[in-house]
Amino acid sequence: QEPFVADEYIERLAWRTPGGGSRGGEAFDPKRLLEEFVNHIQELQVMDERIQRKVEKLEQQCQKEAKEFAKKVQELQKSNQVAFQHFQELDEHISYVATKVCHLGDQLEGVNTPRQRAVEAQKLMKYFNEFLDGELKSDVFTNSEKIKEAADIIQKLHLIAQELPFDRFSEVKSKIASKYHDLECQLIQEFTSAQRRGEISRMREVAAVLLHFKGYSHCVDVYIKQCQEGAFLRNDVFEDAAILCQRVNKQVGEIFSNPETVLAKLIQNIFEVKLQGYVKDQLEEHRKSDAEQYLKNLYDLYTRTTNLSSKLMEFNLGTDKQTFLSKLIKSIFISYLENYIEVEIGYLKSRSAMILQRYYDSKNHQKRSIGTGGIQDLKERLRQRTNLPLGPSIDTHGETFLSQEVVVNLLQETKQAFERCHRLSDPSDLPKNAFRIFSMLVEFLCTEHIDYALETGLAGIPSSDSKNANLYFLDVVHQANTIFHLFDKQFNDHLMPLISSSPKLSECLQKKKDIIEQMEVKLDMGIDRTLNCMIGQMKHILAAEQKKTDFKPEDENNVLIQYTNACVKVCGYVRKQVEKIRNSMDGKNVDTVLMELGVRFHRLIYEHLQQYSYSCMGGMLAICDVAEYRKCAKDFKIALVLQLFDTLHALCNLLVVAPDNLKQVCSGEQLANLDKNILHSFVQLRVDYRSARLARHFS
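In the numbering used here, the protein residues as written are 4 to 702.
Just so you know, these hints were derived from the structure itself, not from any lab. Take these hints with a grain of salt, some might be off.
[What the hints assert, rightly or not] In silico DSS-like cross-links for lysine-lysine, where the CA-CA straight-line distance does not exceed 27 Å: (1) K666 <-> K555; (2) K666 <-> K542; (3) K330 <-> K314; (4) K299 <-> K228; (5) K277 <-> K314; (6) K551 <-> K572; (7) K579 <-> K640; (8) K330 <-> K283; (9) K572 <-> K555; (10) K314 <-> K299; (11) K277 <-> K291; (12) K634 <-> K572; (13) K579 <-> K542.
[Stated by the list, open to error] Computed spacing ranges between beta-carbons, pair by pair: (14) Q249 <-> H289: 23 to 33 Å; (15) S204 <-> C105: 35 to 45 Å; (16) G233 <-> K418: 33 to 43 Å; (17) V276 <-> E523: 55 to 65 Å.
In this text, all values refer to a predicted model and were calculated from it rather than measured experimentally. Virtual Cβ for every residue (Gly too), placed ideally from N, Cα, C.
Please take these sequences and the hints and turn them into a complete structure.
As structure tokens, this is what we get:
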């Protein structure tokens, strides 16, 4: 039995055999164990032979059954082939019979069709005779429940009557036409009643009968008219129209054989009657009196109309529903869109001017005329080349004449104008219209507001020799920078998508570049003159606070100060200006302006120190002053400026070094590359320069 393990089997056999192990003190008997093994092997051999005979018998039986099964399969295949052959014969026979039946049917139809036509013609002749006699006796004309059959007959008679000569059959033709008209009116009335009762099946039957009548279109008109009864009760005519069309779309296919035509006619009626009337009422009220409300209403109505059109695109309206709906929208708004951009530009111009004027009025400021023409252009060129103020300085009292609120209002108005332009402009006119709006923005934001503030700021910068001058131009720079970032953002976010694929793109980019360059020139000029004023203020401080005795004290042994009062005040002033520059600018502009100020600051101190003679203790005080200036220069965080003051500090060491060490100091790392005349000029400032010993050591 499985699982079979030989070792375990032998162990069990030995364990069961007496003397096969050391069980219960019994002695081990190998002979007995061997005898047991031999007997067991013989039993296994007998068992093996018996099993082998059984296997052979089963194999023989299996082979016999396999042969019998194969023989049976062959017999089934033969019988299947016979059955398939019988089936093919039956199929051929059926096809033959079917062909005969179809031929017979065609023959019967060929005989029956003329017979039916003859019967139909006989009936029509009978009904025609009744009209000819002037008395309608047939039940089909007198029984109101058979209006469908009567309609079919009168429609055929009407067609026949039109082929008859008028002179002989004028009376009967008139009677048929009258009956035709009466039945048509009855059918339309029946359709109307069924629609009011909500009987879709009856409406479908009547519409099918009327399909061959001339009044079928009138039936459709009645359906459309009754559909709209009670549909427009709310204030939102667009939502009402969408709901109505959705409801009719579900119903119209169950009534009419051409539902797409009926639905399209309903939509056309809604657009040309309901929507056009509503749009006219909303727009004509403000067209001449309130341009702002007119533009808002026009944008809102056009947007809602196009949104409604998008919803209607889901319905089956025929082959080219996009063109169909576009024509409907155009028919409503064409008279308003033709001159839209002129209204937009006119409104934007007046609105922008009002925003600016309101701001200047709030400041009690009468806007100056910047002026144009030959004299002004000449002044502008001279000012750019000489950087000198031409004309009297204007006291602005710290006012920059730039307002972020004004800018936001102008940009908001322009943003709304761009949105309206995108929606209301014809695609071919869109880039041109967007450029005109952009030109308005440039005129009022950049020219009338920013450029005017720069001109006023430039005129408000005092001359460099003014005392206690208030420098507000950096505030103008700061606000102009912020405003221009907003201007640039609107250019990229709202104008670029409208002109990105048109030739107007390069024109807009060039206009933007020109206005930037124009403002940068004035900003650079104003910053340069502001820096000159800062240096002028430092000069006034030094002239007022620095005394000759600071560097040549009467009592060399009684100097108690670490640095002079002039140095303290200049450093305090410089630190304020550095902080103001950092707050007014951003990016690389900060480093550029600080470098320029630092270089001019160094030149001022360098030239200032050359005006005095220095005793030994005075030279030490000068070194302390320059060390303080250098500490102030570190606030600039400009390597060049710090290097200049390091060199100046090294030069001041020449004022105090012992004569014997002058040559060694001059050949040091910081002074070795300087011109000898510069070194000489500083040595000459020593009070002991005239002594023969000093002159000999330096020569």
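Hint check against the structure, violated hint numbers in rising order: Violated hints: 2, 4; rest satisfied.
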